[in-house]
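There are 2 protein chains.
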Amino acid sequence: MNFNFNKLHAFTKHVFITCGMPEAEAKLASDVLLAADLRGIDSHGVARLSGYVRLHKAKRANMNPIVKVLHETPSTATIDADEGLGLTVAPKAMQIAIEKAKQVGTGWVAIQNSNHFGIAAFHAMMALEHDMIGIAMTNASPLVAPTNSKERMLGTNPMCYVFPAGKHQPVVVDLATSTAANGKLEISQRANKLVPKGWIIDKDGNDTTDPNALKNGGVLQPLGSGETQAGHKGFGLSAVVDIFSAVLSGANYGPWVPPFVSFLSPLPDLPGKGIGHFVGAMRIDAFRPANEFKQHMDNWIDRFKSATPINIDIPVIIPGEPEFANHKERMANGIPLNNMVVEDLKKLAQELHIKWIDEMTN
Amino acid sequence: MNFNFNKLHAFTKHVFITCGMPEAEAKLASDVLLAADLRGIDSHGVARLSGYVRLHKAKRANMNPIVKVLHETPSTATIDADEGLGLTVAPKAMQIAIEKAKQVGTGWVAIQNSNHFGIAAFHAMMALEHDMIGIAMTNASPLVAPTNSKERMLGTNPMCYVFPAGKHQPVVVDLATSTAANGKLEISQRANKLVPKGWIIDKDGNDTTDPNALKNGGVLQPLGSGETQAGHKGFGLSAVVDIFSAVLSGANYGPWVPPFVSFLSPLPDLPGKGIGHFVGAMRIDAFRPANEFKQHMDNWIDRFKSATPINIDIPVIIPGEPEFANHKERMANGIPLNNMVVEDLKKLAQELHIKWIDEMTN
Numbered sequence: 001m002n003f004n005f006n007k008l009h010a011f012t013k014h015v016f017i018t019c020g021m022p023e024a025e026a027k028l029a030s031d032v033l034l035a036a037d038l039r040g041i042d043s044h045g046v047a048r049l050s051g052y053v054r055l056h057k058a059k060r061a062n063m064n065p066i067v068k069v070l071h072e073t074p075s076t077a078t079i080d081a082d083e084g085l086g087l088t089v090a091p092k093a094m095q096i097a098i099e100k101a102k103q104v105g106t107g108w109v110a111i112q113n114s115n116h117f118g119i120a121a122f123h124a125m126m127a128l129e130h131d132m133i134g135i136a137m138t139n140a141s142p143l144v145a146p147t148n149s150k151e152r153m154l155g156t157n158p159m160c161y162v163f164p165a166g167k168h169q170p171v172v173v174d175l176a177t178s179t180a181a182n183g184k185l186e187i188s189q190r191a192n193k194l195v196p197k198g199w200i201i202d203k204d205g206n207d208t209t210d211p212n213a214l215k216n217g218g219v220l221q222p223l224g225s226g227e228t229q230a231g232h233k234g235f236g237l238s239a240v241v242d243i244f245s246a247v248l249s250g251a252n253y254g255p256w257v258p259p260f261v262s263f264l265s266p267l268p269d270l271p272g273k274g275i276g277h278f279v280g281a282m283r284i285d286a287f288r289p290a291n292e293f294k295q296h297m298d299n300w301i302d303r304f305k306s307a308t309p310i311n312i313d314i315p316v317i318i319p320g321e322p323e324f325a326n327h328k329e330r331m332a333n334g335i336p337l338n339n340m341v342v343e344d345l346k347k348l349a350q351e352l353h354i355k356w357i358d359e360m361t362n
Numbered sequence: 001m002n003f004n005f006n007k008l009h010a011f012t013k014h015v016f017i018t019c020g021m022p023e024a025e026a027k028l029a030s031d032v033l034l035a036a037d038l039r040g041i042d043s044h045g046v047a048r049l050s051g052y053v054r055l056h057k058a059k060r061a062n063m064n065p066i067v068k069v070l071h072e073t074p075s076t077a078t079i080d081a082d083e084g085l086g087l088t089v090a091p092k093a094m095q096i097a098i099e100k101a102k103q104v105g106t107g108w109v110a111i112q113n114s115n116h117f118g119i120a121a122f123h124a125m126m127a128l129e130h131d132m133i134g135i136a137m138t139n140a141s142p143l144v145a146p147t148n149s150k151e152r153m154l155g156t157n158p159m160c161y162v163f164p165a166g167k168h169q170p171v172v173v174d175l176a177t178s179t180a181a182n183g184k185l186e187i188s189q190r191a192n193k194l195v196p197k198g199w200i201i202d203k204d205g206n207d208t209t210d211p212n213a214l215k216n217g218g219v220l221q222p223l224g225s226g227e228t229q230a231g232h233k234g235f236g237l238s239a240v241v242d243i244f245s246a247v248l249s250g251a252n253y254g255p256w257v258p259p260f261v262s263f264l265s266p267l268p269d270l271p272g273k274g275i276g277h278f279v280g281a282m283r284i285d286a287f288r289p290a291n292e293f294k295q296h297m298d299n300w301i302d303r304f305k306s307a308t309p310i311n312i313d314i315p316v317i318i319p320g321e322p323e324f325a326n327h328k329e330r331m332a333n334g335i336p337l338n339n340m341v342v343e344d345l346k347k348l349a350q351e352l353h354i355k356w357i358d359e360m361t362n
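Note that the protein sequences, when read in sequence, are chains A and B. For the first sequence, position 327 matches number 327 in this note's numbering, and the numbering has no gaps at all. For the second sequence, position 346 matches number 346 in this note's numbering, and the numbering has no gaps at all.
With the rest of the complex left out, here is chain A (with noise of 0.2 Å):
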């Protein structure tokens, strides 16, 4: 089923003002999912809706945050996210960043007590009309396991780079440091299908291709997977963005990330707060001219667009193209979402007492 953006957003924003989120903050926390979903990244936007909402009954999220700085030098700030989410929390701490950027050259910011963020891409494209590269990361409740280890330690934190062209695109890096993210074991799951060696290990360690092994007390793999495919950068990888989101700005890290699942209770004795973001801008003119860079830009992706391709038919991507492609193609067709999407809202609509989303009007 196909949904107009504009009705999805106002159904999205509806909720979480019925949530008891200020207007403002409710049209940006809807921007964020929305993002994910115009952009493909269907794990990420309306699927997680009432995913928030239950963390908020769980008197898990603040709908209402008063955000603090607890911290902060020209360059550099530590915020509080007073269990605000991150889908407005990190947009705000992005804004800082920017603004430090502009003094200074770049602006870096740590973010403890936040929840869920959304898509990192989201937060970290904020810079791009700024002439700056924007950079975010996130950790995440525990699913993957360190090289050698069958324990959840670490969630699947991704790391996302963005760099502004010229005529062309931005790039935009945006990555999950595990080899699979979970949205791609669900689509396995529902097509009752095998997923490649690498991906999962199951309960005992062993390498599973079963899409449900995960379910079944299983871990995801690093990027990189096995030691022969150098797993142990993807869990390097991880533990950079665990490091810079939770230990430097005091929030929780590894096993002790609280679950995004809100029937599922955080860890006793927490060593921090919440879950931890961070966050950076970088003015391109801080090292050279913007509209240099930008030429420089354009010439980098003409060059790797037109790199020998193995198969004739198959080009090389630049990190970010098919997602630029989906945004055009769901702005102007809809967005697909998939049956169990829209039970799942549809329950939510009766239980909030708001009306679905075809009877939405702004």
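It cannot be assumed that every hint is accurate.
Put simply, identical chains are the same to the list, so a pair is met inside one copy or across any two.
Lysine-lysine pairs mimicking DSS-like chemistry, simulated, CA-CA at most 30 Å apart [to be verified]:
| no. | residue 1 | residue 2 |
| --- | --- | --- |
| 1 | K273 | K294 |
| 2 | K215 | K305 |
| 3 | K197 | K57 |
| 4 | K197 | K215 |
| 5 | K193 | K347 |
| 6 | K167 | K355 |
| 7 | K57 | K193 |
| 8 | K203 | K305 |
| 9 | K294 | K355 |
| 10 | K197 | K355 |
| 11 | K68 | K102 |
| 12 | K273 | K167 |
| 13 | K305 | K273 |
| 14 | K355 | K59 |
| 15 | K294 | K68 |
| 16 | K102 | K59 |
| 17 | K7 | K27 |
| 18 | K92 | K197 |
| 19 | K27 | K355 |
What the hints contain is simulated information worked out from the structure, not anything from laboratory work.
For chain A, the structure is supplied; the task is to place chain B on it using the hints.
Relative to chain A, chain B alone:
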């Protein structure tokens, strides 16, 4: 054969001095090269010494460069390395980053017109004694193909992140963004062994386990290897390193990065100058008190080391842990060099009319 650290260091320094490098620079360049040998990254240590000398003889490396700051803001700088060796220029750039971090919280330096900088970890680790996080990356001669391509478009482009700890050794994440670096292929070539699938594709774009396929026109795969193992993420990370190191600094990027080996000439119509690096330093106490951070790093390390292992005899290894162990062992017992490297250094000693390693006294 094992060589005493001090004697090997003195030999290396003499080689650089004989090539026209001032003594202080020659000591620094030797510190960087030998740091690789001590840490067990044998491919980046004195095994490359004759390569640097050949670059100098081919007039592609300046042994006495005058480094210029092209542009700066309170938290950033871009420098022209004047065709110097990255071995000496990158530490100078890192020093600038550290000074800026002292002033405004973080410091970031992009370097153009440089040559190979040795191991990234040396430069990033300079931040540690200042209670800072250190970051270093560089692009390199093209050997890696982007996803869907069989053309050499990227180097093994390493990224390094270093975090200080308290009672424990720092966490040092230092990784090539390819699945395997060239050094690992050379080990398999010498042992006449096949390499795992996913490391290389041959010149026609087919998967291969032949360790000689790279020499015969093949390419290395990015971290993650093929598409089902998320090789596009490795391509994305490699792109991040290339853009920070070269598009931001004004160096050459992608296939235009000049080859390290002196018998290959740079391409015509280069878009930038030399190869590029990017370094950064972030003061911990620009975010939270350094002692708090270090206590939590110790807790992070303790928890990850105690993660449930798959095999009870193989614990989780913290990034950087094996290299600290190598350093200690090799300082005590000497640095092992393989026969080919020893022969190469002997030829170099004869060519430059300097004494052999065993006869060095300081």
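When no copy is specified for K197 and K215, does a C-alpha distance of 30 Å or less occur within a copy, between copies, both, or neither? Both. Shortest intra-copy (17 Å) and inter-copy (29 Å) distances satisfy the 30 Å Cα cut-off.
Checking an output row: K355 and K59, CA cutoff 30 Å. Within, between, both or neither? Answer is within; shortest intra-copy Cα gap is 25 Å, inter-copy 74 Å.
I want to check one pair: K294 and K355. Are their C-alpha atoms no more than 30 Å apart within a copy, between two copies, both, or neither? neither (45 Å within a copy, 51 Å between copies)
Between K102 and K59, at a C-alpha cutoff of 30 Å, which is it: within one copy, between copies, both, or neither? Result: close neither inside a copy nor across copies, 37 Å intra and 41 Å inter.
Intra- versus inter-subunit Cα pairing at 30 Å for K197 with K355: neither (44 Å within a copy, 54 Å between copies)
Alpha-carbon proximity context of K167 and K355, limit 30 Å: This pair counts as neither: shortest intra-copy Cα distance 42 Å, inter-copy 58 Å.
Using 30 Å as the alpha carbon limit, work out where K193 and K347 are close: within a copy, between copies, both or neither. Close inside one copy (29 Å), not across copies (59 Å); limit 30 Å.
Measure nothing new, just compare the shortest in-copy and cross-copy C-alpha distances for K197 and K57 to 30 Å and report within, between, both or neither. neither (38 Å within a copy, 49 Å between copies)
Intra/inter-copy verdict for K57 and K193 if alpha-carbon distance must be at most 30 Å: Neither, since 35 Å and 59 Å both go past 30 Å.
Could you place K273 and K167 in one of the four classes (within, between, both, neither) given a Cα distance threshold of 30 Å? between (43 Å within a copy, 24 Å between copies)
Are the CA atoms of K294 and K68 at most 30 Å apart within a copy, between copies, both, or neither? between (36 Å within a copy, 23 Å between copies)
Homo-oligomer pair classification [K273, K305; C-alpha up to 30 Å]: Result: close only across copies, 22 Å inter versus 44 Å intra.
When held up to the earlier numbered hints, the structure conflicts with 3, 6, 7, 9, 10, 16 and 18 and fits the remainder.
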